[in-house]
Amino acid sequence: MNKKLLLLIFFLGTITFQAQNLVWKTSMDTAIAASNEENKPMLIFFTASSAPNNLQNEVFKTPDFAVWSRDNVILVKLDLSDANASDTDKEQNVKLKNAFGVEDLPEVCFASASIRKNKTTFQALGKLGYKPGGAKAWISESEAILHPSE
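Using mature numbering (1 follows the signal peptide of the UniProt record, and there is no 0), the letters of the sequence shown map in sequence onto residues -19 to -1, 1 to 131.
Since the hints were made in silico from the structure, they are not lab data.
The structure displayed is predicted, hence computed values, not measured ones.
Take the hints with a grain of salt, since some may be wrong.
Unchecked claim - Under the rule of at most 27 Å between Cα atoms (straight-line distance), these lysine-lysine pairs were calculated in the DSS-like manner:
(1) Lys6 <-> Lys42
(2) Lys71 <-> Lys42
(3) Lys98 <-> Lys71
(4) Lys6 <-> Lys98
(5) Lys21 <-> Lys108
(6) Lys21 <-> Lys78
(7) Lys100 <-> Lys21
(8) Lys117 <-> Lys58
(9) Lys117 <-> Lys71
(10) Lys108 <-> Lys6
(11) Lys58 <-> Lys71
Build the full structure now, drawing on both the sequences and the hints.
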């Protein structure tokens, strides 16, 4: 009985640890390269320090999201209030926010991109903000955006 309990605690601890250690790319160049290499769309998370944390706390910090995101998307976090970002990155992030039509923060845009002749072309797949209902409901809506014909 003790072995089973210890094994269960270890398993749950591992999943929780993975959920809290998601790898968010902050460079669009790196994200686009990974997206194309792994043939996965990007989940671009637009946020700022003043934005509510419920999307992060109720969705992104869950084991369900960790597993789903690892298998389905490249995570990109564009913090529009990041004081450490270069002026070029800040300008690029604001341009992307405007190009994707993001008005309320935080918001997620799903997109793919290609680079040809040093020009980046984005294909927007859809947007999704915070909605009550937890990670499973949010993931279900994300799946509908990423796979609309299914």
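We went through each hint and held it up to the structure:
no., hint, in the structure
1, Lys6 <-> Lys42, "16 Å, holds"
2, Lys71 <-> Lys42, "26 Å, holds"
3, Lys98 <-> Lys71, "23 Å, holds"
4, Lys6 <-> Lys98, "23 Å, holds"
5, Lys21 <-> Lys108, "16 Å, holds"
6, Lys21 <-> Lys78, "20 Å, holds"
7, Lys100 <-> Lys21, "20 Å, holds"
8, Lys117 <-> Lys58, "21 Å, holds"
9, Lys117 <-> Lys71, "32 Å, violated"
10, Lys108 <-> Lys6, "18 Å, holds"
11, Lys58 <-> Lys71, "12 Å, holds"
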